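> With the hints as your guide, set chain B onto chain A.
Chains A and B, in that order, give the protein sequences.
Mapping of the first sequence onto the numbering used here: position 153 corresponds to residue 153, and the numbering continues sequentially without gaps.
Mapping of the second sequence onto the numbering used here: position 139 corresponds to residue 1139, and the numbering continues sequentially without gaps.
Just so you know, the hints here were simulated from the structure itself, not pulled from any lab data.
Predicted model only: the values in this text are computed from it and were never measured.
Don't take every hint at face value.
[Said to hold, decoys possible] Covered stretches of chain B, as calculated for chain A (at least 3 residues, CB under 8 angstroms):
id : region
1  : 1036-1047
2  : 1068-1079
3  : 1197-1203
4  : 1305-1314
5  : 1323-1336
[Said to hold, decoys possible] For each label pair, taking beta carbons as the anchor points, the in silico distance ranges come out as:
id : chain 1 : residue 1 : chain 2 : residue 2 : range
6  : A       : G115      : B       : K1186     : 33 to 43 angstroms
7  : B       : G1079     : A       : R313      : 47 to 57 angstroms
8  : A       : G323      : B       : E1276     : 19 to 29 angstroms
[What the hints assert, rightly or not] To give an idea of the interface, some chain B residues facing chain A are shown, with a C-beta separation under 8 angstroms as derived from the structure:
id : residue
9  : P1114
10 : I1118
11 : S1299
12 : G1300
13 : R1302
14 : P1339
15 : Y1340
16 : S1341
17 : L1351
18 : R1352
For glycine and all other residues, C-beta sits at the position ideal for the given N, C-alpha and C.
There are 2 protein chains.
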Amino acid sequence: MKSKRPVPGHQVLLQGFLEGSVRGLARAISVVENERDGFQDLLHTVMTSGPQTKRVGFTGPPGAGKSSIVAAVATAYRGLEEHLGIVAVDPTSPYSGGALLGDRIRMNDIATDPGIFIRSMATRGSLGGLATATKEVVDLMDSFGFDRVLVETVGVGQTELEVTAAADTVVVVLVPESGDAIQAMKAGLMEVADIFVVNKADRPGAPRLVKELRQALHLRSGRALRDIPAHHGVDLGKAMKLERVSDASEQEGEEWAVPVLTTNALTGEGVDKLLETVEAHRRWLVESGELGVLRRARSGIRIRDVVDREMRRVAWNSERVNGLLTQGVEEIALGRGTPYSAADNILRALLRQRA
Amino acid sequence: MKSKRPVPGHQVLLQGFLEGSVRGLARAISVVENERDGFQDLLHTVMTSGPQTKRVGFTGPPGAGKSSIVAAVATAYRGLEEHLGIVAVDPTSPYSGGALLGDRIRMNDIATDPGIFIRSMATRGSLGGLATATKEVVDLMDSFGFDRVLVETVGVGQTELEVTAAADTVVVVLVPESGDAIQAMKAGLMEVADIFVVNKADRPGAPRLVKELRQALHLRSGRALRDIPAHHGVDLGKAMKLERVSDASEQEGEEWAVPVLTTNALTGEGVDKLLETVEAHRRWLVESGELGVLRRARSGIRIRDVVDREMRRVAWNSERVNGLLTQGVEEIALGRGTPYSAADNILRALLRQRA
Chain A
1 MKSKRPVPGH QVLLQGFLEG SVRGLARAIS VVENERDGFQ DLLHTVMTSG PQTKRVGFTG
61 PPGAGKSSIV AAVATAYRGL EEHLGIVAVD PTSPYSGGAL LGDRIRMNDI ATDPGIFIRS
121 MATRGSLGGL ATATKEVVDL MDSFGFDRVL VETVGVGQTE LEVTAAADTV VVVLVPESGD
181 AIQAMKAGLM EVADIFVVNK ADRPGAPRLV KELRQALHLR SGRALRDIPA HHGVDLGKAM
241 KLERVSDASE QEGEEWAVPV LTTNALTGEG VDKLLETVEA HRRWLVESGE LGVLRRARSG
301 IRIRDVVDRE MRRVAWNSER VNGLLTQGVE EIALGRGTPY SAADNILRAL LRQRA
Chain B
1001 MKSKRPVPGH QVLLQGFLEG SVRGLARAIS VVENERDGFQ DLLHTVMTSG PQTKRVGFTG
1061 PPGAGKSSIV AAVATAYRGL EEHLGIVAVD PTSPYSGGAL LGDRIRMNDI ATDPGIFIRS
1121 MATRGSLGGL ATATKEVVDL MDSFGFDRVL VETVGVGQTE LEVTAAADTV VVVLVPESGD
1181 AIQAMKAGLM EVADIFVVNK ADRPGAPRLV KELRQALHLR SGRALRDIPA HHGVDLGKAM
1241 KLERVSDASE QEGEEWAVPV LTTNALTGEG VDKLLETVEA HRRWLVESGE LGVLRRARSG
1301 IRIRDVVDRE MRRVAWNSER VNGLLTQGVE EIALGRGTPY SAADNILRAL LRQRA
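The following block holds chain A by itself, in its conformation from the complex:
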């Protein structure tokens, strides 16, 4: 993790990555995903010099047709000769497996295009740790030099929404069947959306959903950076004094009005308009200065993620701590202690000072 240290064992990989070899990228992703020795040095090295790419996120409930939209959008960007990286986060819930598989099959249409690099990641079994790894894979793709990185997640959990927030522009895809605007609000989708898309717009119920979403959006302001979720009671936006910037742009009347579009991903209807709107959002991000604010917030979240992970790693890989853990378990069994007295001993050994 020292900035000057060469990346041990990963020099060949790194050289390939920096030369734009897709194989180098694939190997780098594998090193990061598996947290192999030196993965943080590798990330540090590529991120120091790496470009900052446009990131577009797609989220929404299972079955909304996100993958079809991503496939249609990717095909359109390929028509503009863009090189694309795609990160698809699969929740692999056994209770929604069918719908997801169906989506994934449609993604195969674009999987053979050499101008597109697709990486699927599973979230099952993680405790928030995978959100960090996924964001690191997005960072790798960003540093690799794609013209654009697309991130697809199922908007059903905190982990997925967290990953979505790693994008500059977040497209929330809904279908009439996925419920009404109130459900989208409850799922936290209103907070992350820069653009709403009602897909399968030919189905009954679509016009009503569009209307409901517009009404619900009218009641709130654009996705503001004040909305960075508090993390374990810590308001990161406040800590980084991001509020002022966001408020300033509001005063200047530069608020982004979240549009509600309609598409039919299978026929391609509405996809051009979606691309135009993504570009319009990009222009707004740049011109209003919000892109800088967004990137700062993202940096802060990434720092915090890395610190949290490293604290756990240092703690639970320490022989001393594991000795104190065993001792604590023993004392609890004998009725002489509790998890709190045991934790206290461990924290004293770990931290320079207690709060």
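Chain B only, in chain A's frame:
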């Protein structure tokens, strides 16, 4: 968190709790849920002297009828004059709201019984943090002196399964509609189940599900403590040398064979048999020595949870750390650093030594 320190501001509450006042319990839960000042001291105090109660967990997919089963089981235990605490963890996912609400209504039948104390908790929006708080509420109920504590969770995520693992006996409730044995296996339900219940057993598909589950169970051994999930790459079971104990009990042929029962919670069919089986599992836990192993593993997990939470709290409430965070964000914006170099500075300030 010092063991001798009185619990500041919570003396009256604590006295009520120790005297068995339900109001004291309710207030203690509220202090713990909201992580109010002194909540860890409070937990330490009540857990030092508190009894260790029988804990039975119920989990399964949405709509399986868990709440009906819990209500039926609770009614049966009340018939035996047991005092019960119930912790119901609500995932409040907007995409499954209907089914859960339906379940909760059935719970109302027992909610007016003064011999039963029910607490509902929501998991939405948490990043694993709420799993810890929920386990602390279960610990409070345990220490309060109920004859038995029932824990109900929806088995759809890591958080929920983690909470389930706080029980001594885990009952997994399925219905034919919730899918086949392979889906249960994928959801991690096979790993946590001590007893399977196929509810709504009069429906078509129930006999087939029972058969499939028995076949799938035949292929594996009982819920062993080897199965304690690795936490951020740390094998807690290994760290606490729990493997040997578990292997020993296997050699002595004392393995628990996970039974598959059928119920119809609405008619009460099969509930008596379920109660008998829970008691049989209890006897096995005690006689095989597995209860001690289970409690040790649970203590270890609780210590680890408290340490992880405290590390985060200490880090992100520190002015020094927040200063380094702001500085790190600035350096990244200027292209002079990455989240890894910034995290390195913070970790140096926080930890006594790096790994």
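> Now tell me if each hint is right for this structure.
These are the hints, each one checked on the structure:
1. 1036-1047: holds (count 5)
2. 1068-1079: Violated, because only 0 residues of the region 1068-1079 of chain B bring their Cβ atoms closer than 8 angstroms to Cβ atoms of chain A.
3. 1197-1203: violated (count 0)
4. 1305-1314: The restraint on the region 1305-1314 of chain B holds, since 10 of its residues have a Cβ under 8 angstroms from chain A and three suffice.
5. 1323-1336: Coverage by chain A holds for the region 1323-1336 of chain B (7 residues, Cβ < 8 angstroms).
6. A/G115 to B/K1186: 33 to 43 angstroms: Given a distance of about 34 angstroms, which is inside 33 to 43 angstroms, the answer is holds.
7. B/G1079 to A/R313: 47 to 57 angstroms: holds (51 angstroms)
8. A/G323 to B/E1276: 19 to 29 angstroms: violated (43 angstroms)
9. P1114: violated (30 angstroms)
10. I1118: Not OK, violated: B/I1118 not within 8 angstroms of chain A, min 23 angstroms.
11. S1299: holds (4 angstroms)
12. G1300: Cβ of B/G1300 sits 5 angstroms from chain A, so the hint holds.
13. R1302: holds (4 angstroms)
14. P1339: At 4 angstroms from the nearest chain A Cβ, B/P1339 passes the 8 angstroms test, so the hint holds.
15. Y1340: Status holds, d = 4 angstroms.
16. S1341: This hint holds: B/S1341 lies near chain A, its Cβ roughly 5 angstroms from the closest one there, short of 8 angstroms.
17. L1351: For B/L1351, the interface hint holds, since the closest Cβ of chain A sits about 6 angstroms away, which is under 8 angstroms.
18. R1352: B/R1352 check passes; min Cβ-Cβ to chain A is 6 angstroms, inside 8 angstroms.
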